[in-house]
Structures are given as C-alpha cells and as structure tokens.
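The residues making up each chain are set out below.
Protein chains: 2
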Amino acid sequence: MEFPNLSDIKRAHTRIGNYIYNTQVMTSSTIDEMVGGQVYFKCENFQKIGAFKMRGAANVIMSYRPEERKNGFATHSSGNHAQAVAKAAAEAGAKAYIVMPHNAPQVKIDAVRGYGAEITMCEPTETARAETCKQVIERTGAIQVHPYHDARIIAGQATAAKEFIEELPDLHYMITPVGGGGLAAGSALTLATVSPTTKMVLAEPEAVNDTYLSFKAGKLQGVKNPKSIADGLLVSVGEMNFEIIKQYVHEVYCVSEEEIISAMRLVWERMKIVIEPSSAVAVAALLKNKEVFAGKKTGIILTGGNVQMNDLPF
Amino acid sequence: MEFPNLSDIKRAHTRIGNYIYNTQVMTSSTIDEMVGGQVYFKCENFQKIGAFKMRGAANVIMSYRPEERKNGFATHSSGNHAQAVAKAAAEAGAKAYIVMPHNAPQVKIDAVRGYGAEITMCEPTETARAETCKQVIERTGAIQVHPYHDARIIAGQATAAKEFIEELPDLHYMITPVGGGGLAAGSALTLATVSPTTKMVLAEPEAVNDTYLSFKAGKLQGVKNPKSIADGLLVSVGEMNFEIIKQYVHEVYCVSEEEIISAMRLVWERMKIVIEPSSAVAVAALLKNKEVFAGKKTGIILTGGNVQMNDLPF
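Sequence order for the protein chains is A and B.
If you're matching positions, the first sequence starts at 1 in full-length UniProt numbering and goes up one per residue.
If you're matching positions, the second sequence starts at 1 in full-length UniProt numbering and goes up one per residue.
Derived from the structure by calculation, the hints contain no laboratory data.
Source: prediction; values computed, not measured.
Note that beta-carbon positions come from the ideal geometry of N, C-alpha and C, so glycine has one too.
The reader is advised that the hints may include incorrect statements.
[Stated by the list, open to error] Computed list of lysine to aspartate or glutamate pairs in EDC-like fashion (alpha-carbon distance at most 16 Å, straight line):
| no. | chain 1 | residue 1 | chain 2 | residue 2 |
| --- | --- | --- | --- | --- |
| 1 | B | Lys288 | B | Glu166 |
| 2 | A | Lys108 | B | Glu269 |
| 3 | A | Lys246 | A | Glu258 |
| 4 | B | Lys70 | B | Glu166 |
| 5 | B | Lys108 | A | Glu269 |
| 6 | B | Lys10 | B | Glu206 |
[As the list claims (entries may be wrong)] From the derived model, a few chain A residues whose C-beta atoms are all more than 10 Å from chain B:
| no. | residue |
| --- | --- |
| 7 | Thr14 |
| 8 | Gln24 |
| 9 | Asn45 |
| 10 | Ser63 |
| 11 | Cys122 |
| 12 | Glu123 |
| 13 | Asp170 |
| 14 | Ala192 |
| 15 | Ile229 |
| 16 | Arg265 |
| 17 | Glu269 |
| 18 | Val292 |
| 19 | Phe314 |
[To be verified] Listed below are several chain B residues computed to face chain A (Cβ distance under 7 Å; list not exhaustive):
| no. | residue |
| --- | --- |
| 20 | Phe46 |
| 21 | Trp268 |
| 22 | Lys272 |
| 23 | Ile273 |
| 24 | Val274 |
| 25 | Lys290 |
| 26 | Phe314 |
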C-alpha cells in the first residue's frame with residue numbers, strides 16, 4: 001500500500017471541510033512558564049464527536065460515491081473511531097454498523113446509538129471483535145472502515161497537523177500521542193512535506209510502548225496485554241503507520257500512568273478544558289522533557305475530550 | 001452611593017484592558033437542540049485567574065494612582081475574588097493582604113499565595129472574616145476591595161456583558177448567575193444602556209434564593225445558613241446591587257442542586273470545558289425554562305472554572 005502524499009492530504013481536507021471544524025489553538029501562560037518555551041494546543045477535543053477521529057472517518061466515507069454507500073459502513077471500536085464512523089456515515093446518508101465490546105463505556109455506546117448507528121455487542125477480545133465485524137459485513141455488504149491502517153485514514157487525520165502548521169508555520173516541534181498511528185503518521189507526513197524544519201515527536205504510555213520499542217529497533221515490536229488509562233492508545237501501531245513513523249518521526253517519548261494523570265489534571269485545572277487521558281500523554285511528554293522544548297515553539301494536538309465523568313482518576 | 005453609568009463602564013473597560021482577556025464565545029449544537037434556540041456562552045472560565053472577578057478587582061485597584069497603592073489592598077474571600085485581588089494587586093505592583101477562612105480549598109489558598117499575596121487565616125464565619133480583615137487594614141493601611149457592593153466593582157464586572165453584547169448585538173436574553181450581584185447588576189446596567197431590547201435574566205440556587213425572594217417582594221430579603229454546591233453564590237445580594245437588579249432585571253429563575261450538577265456535567269461532557277458550579281446555575285436555568293428561550297438567541301456568561309478536582313459531584 002502506498003503512503004499518502006501531500007495531494008492526498010489536500011484532497012482529504014477539501015473533501016471533509018464541511019464535516020469538521022478547523023479547531024482553535026489555545027495557549028497557557030502557566031504551561032509556558034513550566035516549560036520555559038511557547039506551547040500551542042490544537043483543540044481536537046472541540047472537534048465533532050469530541051476527537052480528531054472524525055477527520056479520517058469522514059475522509060474514507062466521503063471518498064465513496066453516493067451509490068457506493070448504499071450498504072453502509074462497518075467497523076469495530078470501543079472508542080472515538082466508533083463515534084466518528086457513526087457520525088460520518090449519518091452525514092453521508094448511509095447506515096453505520098458498529099461492533100462494540102460489551103464492556104465499552106455506556107457513554108460511548110449511547111453516543112454511537114445517538115448518531116443512529118446499529119450496534120452489535122461482542123466479547124471484549126480482538127478476535128471476537130474482528131470475527132463479529134466480519135459477520136456483520138457478510139450479512140450487510142457494508143464497507144469496512146479501519147481505524148488507522150489505511151492511507152485514506154492517515155490522509156484524513158493529517159489534516160489536523162496541516163491546519164496547525166498553516167496557522168503556526170514556525171513551530172520547532174509538534175507532539176501527538178501514538179496508538180494505531182493514524183494521527184502520528186499523518187502528522188509526520190504533513191510536516192515532512194509542508195514544514196520539514198518542524199520536528200515530529202510522538203508520545204506513548206510506558207505501558208503500551210510498542211511504537212517506542214519498534215522505533216528504537218527499526219522494526220515492528222509487539223506489547224502484550226497493555227493496560228493504560230489512555231484508553232485510546234491501547235492498540236499497537238499499524239504496519240504502514242510504522243513505516244511512515246520510522247522514516248519521518250524525530251523522537252518517541254514514553255510517560256508513566258502517574259505522569260498522564262497529572263498532566264490531564266493540570267490541563268483541566270489550568271486551561272479549563274476537558275481532555276481525555278490519551279491527549280494528556282502528549283502534554284506529559286512535554287513536561288517530562290522540558291529541556292528539549294525550552295526556548296522553542298511547540299505545538300501539541302489535544303486529540304480528544306471524551307471522558308467518562310463518573311470514572312475520573314482524581 | 002450612585003449607580004455606575006455607561007461612561008463608568010467604558011472607562012473601566014479601558015482601564016482594565018491590559019489586565020483581562022476579551023474572552024471567547026462558544027456554542028454547542030447539543031445545547032441548541034435541547035433548547036430549540038441559539039445559545040452563546042461567554043467563557044469567563046478562560047479569564048485570568050479563571051473567573052470574571054478579575055475585571056472588578058482590576059478596575060478598583062487600577063483606579064488608584066501608583067502613590068495611593070503603596071500600602072497595598074486587602075479583602076476577605078474564600079474564592080475567586082481573593083485570587084482576583086491578589087493577581088490585580090501584583091499587576092499594579094502593590095501588596096495584597098487576603099483574609100481567608102481556614103476551611104477554604106487548598107487549591108485556592110495555593111493560587112492566592114502563588115500571586116504573591118500575604119494570607120491571614122481566620123475562623124470561617126462572616127464576623128471573624130470581617131473582624132480579621134479590619135485588623136489587617138489597621139495594621140497595614142491597606143485599601144479594602146469589597147467583592148460586590150461597590151460601584152467600581154459593578155462597573156468592572158459590567159465589561160463582560162459589554163464585550164458580549166458588542167459581539168452579539170441581537171441577543172434576546174442574557175443570563176448570569178447571581179450571588180452578591182456584582183456581575184448581575186453590572187450586566188443589567190450594560191444592557192439597559194447599550195441594548196435595552198435584550199432581557200436580563202438572573203439564575204440562583206433554590207438553596208440561596210435571597211435575590212429571587214427580594215426581587216419578588218421588591219425589598220431585600222435574607223436567607224439563613226445557605227448551603228449549595230455553587231460556592232461562589234453563597235453570599236446575599238448587596239444593597240446597591242439589588243437596587244439595580246430591581247430596576248433593570250427581567251426575571252430571576254431558581255434551580256435545584258441536582259439541576260446545577262446535571263448542567264455542569266452536561267457542559268463538561270458536551271462542550272469539553274471546565275466550569276464551576278456557579279456557572280452551571282445559569283445553564284441549569286436555561287434548560288429548566290426552555291419554553292422561554294426556544295426560538296430565541298440567548299447569551300450566558302460562564303462565570304468561572306475554578307474547581308477542586310478531587311471533590312467533584314460526579
């Protein structure tokens with residue numbers, strides 16, 4: 001499969017323009033002081049469905065002609081990708097079939113249902129999810145929308161970094177968290193083509209450090225049974241995603257669970273915005289490596305704000 | 001004491017311009033749908049010190065000439081006014097003496113200390129607070145900054161409504177919570193002079209409904225030992241504040257503790273911003289009286305975002 005190029009990213013941006021927000025960039029004098037540099041936060045927590053995932057899902061779904069959308073779209077996800085596919089399909093006038101593990105947070109199940117998607121529950125294992133999704137697709141003829149290992153998803157997620165660097169062309173660093181690698185690879189590709197002097201940095205929970213290990217080894221490494229509060233980052237990085245990361249990413253930093261929670265609380269308390277733990281991973285990486293970012297301009301993509309309010313770590 | 005007039009409000013706005021943000025206005029399609037109207041939220045939770053109180057405190061303190069500021073400024077407060085006086089005094093190059101009850105949240109004590117103020121602890125009673133503050137002023141010669149019963153405070157707080165109505169001149173309603181009445185009176189005065197077709201609505205916890213009772217009776221009524229999660233609204237409305245409210249406010253709505261918590265959670269979950277319970281009182285009043293605001297344009301001032309994160313009601 002070929003990497004998306006700048007034309008793909010630009011086309012994606014045009015295609016999804018009506019279905020996403022060009023989210024605002026915020027600053028925090030408190031965090032600037034802590035770091036000793038200038039930090040900019042792109043608020044994808046304010047994005048439609050509350051996370052950047054809307055970009056990639058909309059790009060895939062809107063790339064099909066109306067007659068091709070008639071059997072709908074399917075995916076398996078317990079998180080923001082499920083909401084994104086449900087919402088983008090609804091915007092496209094198509095059905096969405098979402099396979100969710102029965103232990104998915106009620107708030108996410110409700111949100112997916114609220115967008116009009118048909119939900120199929122399954123056991124919370126990778127195998128059960130994939131198998132159930134396969135059955136749904138056999139039954140419905142729906143088109144599968146993969147959450148990250150797809151050039152169109154990468155091109156869609158890349159539009160966040162594109163907006164960010166267009167607004168702030170002189171960033172020295174950009175940080176995103178990395179899970180499956182859709183946003184990470186898309187952002188890295190964008191910087192490599194649009195702003196090669198901006199260094200792409202990825203942030204990962206220590207407990208799910210497959211990208212870090214892979215990056216250091218130069219080839220894909222797995223992590224078994226990862227557990228982290230950063231529920232959006234529990235998946236392993238995709239194959240194409242890693243190939244892009246290997247080529248275009250400057251560094252991968254890991255942070256502990258305590259550092260994630262502390263960064264999340266800092267952003268809630270000081271910036272007065274709600275970010276989910278996955279977003280806080282990038283903030284934690286910034287604060288843990290101040291010496292790198294001191295005196296520099298750094299952009300952080302706050303990836304989402306979907307949080308189960310009755311299950312907070314503080 | 002004379003009511004502030006439009007010139008006072010305009011002068012206040014010029015005076016404090018360098019010390020406050022013209023905070024952004026947000027919208028929420030979810031809340032618009034719930035109400036069946038257009039709702040705009042002015043985000044004073046993003047204001048300096050995390051609340052609109054910075055406006056009034058800065059207006060009082062900056063109205064003194066540098067040589068008049070030499071003995072500093074004093075107040076007693078367990079909340080946002082304490083932070084506002086501490087921060088505004090620091091900006092003015094003056095000392096701040098803050099009397100705080102010893103049961104004030106640690107996060108607020110830390111914030112006040114962080115702005116360089118001298119803190120004197122006292123028993124958590126109205127009498128002890130006033131008496132301790134008086135002693136501090138006798139000792140230091142500091143100028144007292146009252147939290148709401150002061151024309152300069154009212155003129156300062158009024159600048160939030162002024163910015164709001166300048167940005168959205170066609171609002172049918174504006175809602176603010178009411179505690180001591182600095183913001184409520186200032187907003188009502190602003191609308192009366194700048195946009196008399198915009199109706200001023202106040203929102204109050206049922207448990208601290210002195211403004212509601214006073215408004216209905218036409219004269220000041222007290223409430224004994226009020227308890228509410230809306231910790232910024234536990235004080236009774238001031239005398240001048242009530243005179244302005246009586247004359248210029250359209251309606252006062254009351255909401256229950258459950259309604260406050262539910263509105264607060266809704267804003268956190270859907271708008272992804274952190275607001276304190278006092279702010280949620282205005283949102284709760286909106287949602288409880290949908291029939292009034294349906295088909296209309298309503299502006300709500302989200303007054304602050306200072307929340308003790310380890311003591312959330314959900």
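Taking the hints in turn, this is what the structure says about them:
1. Simply put, B:Lys288 and B:Glu166 have alpha-carbon atoms about 27 Å apart, too far for the 16 Å limit, and the pair is violated.
2. For a cut-off of 16 Å, the pair hint linking A:Lys108 to B:Glu269 stands: about 11 Å separates their Cα positions.
3. At roughly 28 Å between alpha-carbon atoms, A:Lys246 and A:Glu258 are farther apart than 16 Å, so this suggested pair is violated.
4. Under the criterion of a C-alpha separation no larger than 16 Å, the hint pairing B:Lys70 with B:Glu166 is inconsistent with the structure, at around 36 Å.
5. Proposed proximity of B:Lys108 and A:Glu269 is supported: the alpha carbons are some 11 Å apart, at most 16 Å.
6. Of the pairs offered as hints, the one joining B:Lys10 and B:Glu206 is violated, with about 34 Å between alpha carbons and a cut-off of 16 Å exceeded.
7. Every CB of chain B is more than 10 Å from the CB of A:Thr14 (nearest about 23 Å), matching its label as outside the interface.
8. Separation of A:Gln24 from chain B is inadequate, the least Cβ-Cβ distance of about 8 Å not exceeding the 10 Å criterion.
9. Listed as a non-interface residue, A:Asn45 fails to keep its Cβ farther than 10 Å from every Cβ of chain B; the least gap is roughly 5 Å.
10. For A:Ser63, the non-interface assignment is confirmed: its Cβ lies about 25 Å from the closest Cβ of chain B, beyond the 10 Å cut-off.
11. With 10 Å as the threshold on Cβ separation, the claim that A:Cys122 sits away from chain B holds: the shortest Cβ distance comes to roughly 26 Å.
12. A:Glu123, annotated as away from the interface, keeps every beta carbon of chain B farther than 10 Å; the closest lies near 28 Å.
13. Residue-level check passed: A:Asp170 sits 24 Å from the nearest beta carbon of chain B, beyond 10 Å.
14. Interface exclusion of A:Ala192 from chain B stands, the closest Cβ pair being 30 Å apart, more than 10 Å.
15. The Cβ of A:Ile229 lies farther than 10 Å from every Cβ of chain B, with a closest approach of about 15 Å, so its non-interface assignment holds.
16. Not every CB of chain B is more than 10 Å from the CB of A:Arg265 (nearest about 6 Å), against its label as outside the interface.
17. Distance to chain B contradicts A:Glu269 as a non-interface residue, since its nearest Cβ pair spans about 6 Å, not more than 10 Å.
18. The claim that A:Val292 is not at the interface with chain B holds, since no C-beta of that chain comes within 10 Å of its own (minimum 26 Å).
19. At roughly 5 Å from the closest C-beta of chain B, the C-beta of A:Phe314 falls inside 10 Å, breaking its exclusion from the interface.
20. Interface hint status for B:Phe46: upheld, as the beta-carbon distance to the closest one in chain A is roughly 6 Å, under 7 Å.
21. Using the Cβ-Cβ criterion of 7 Å, the hint placing B:Trp268 at the interface with chain A is satisfied: the shortest such distance is roughly 5 Å.
22. At a threshold of 7 Å, the smallest CB-CB gap from B:Lys272 to chain A is about 4 Å, leaving the interface hint in force.
23. Taken as an interface hint, B:Ile273 checks out: its beta carbon lies about 6 Å from the nearest beta carbon of chain A, inside 7 Å.
24. A distance limit of 7 Å between C-beta atoms decides the matter here; for B:Val274 the minimum to chain A is near 4 Å, and the interface restraint holds.
25. A distance limit of 7 Å between C-beta atoms decides the matter here; for B:Lys290 the minimum to chain A is near 19 Å, and the interface restraint is violated.
26. Against a cut-off of 7 Å between C-beta atoms, the interface hint on B:Phe314 holds, since the closest Cβ of chain A lies about 5 Å away.
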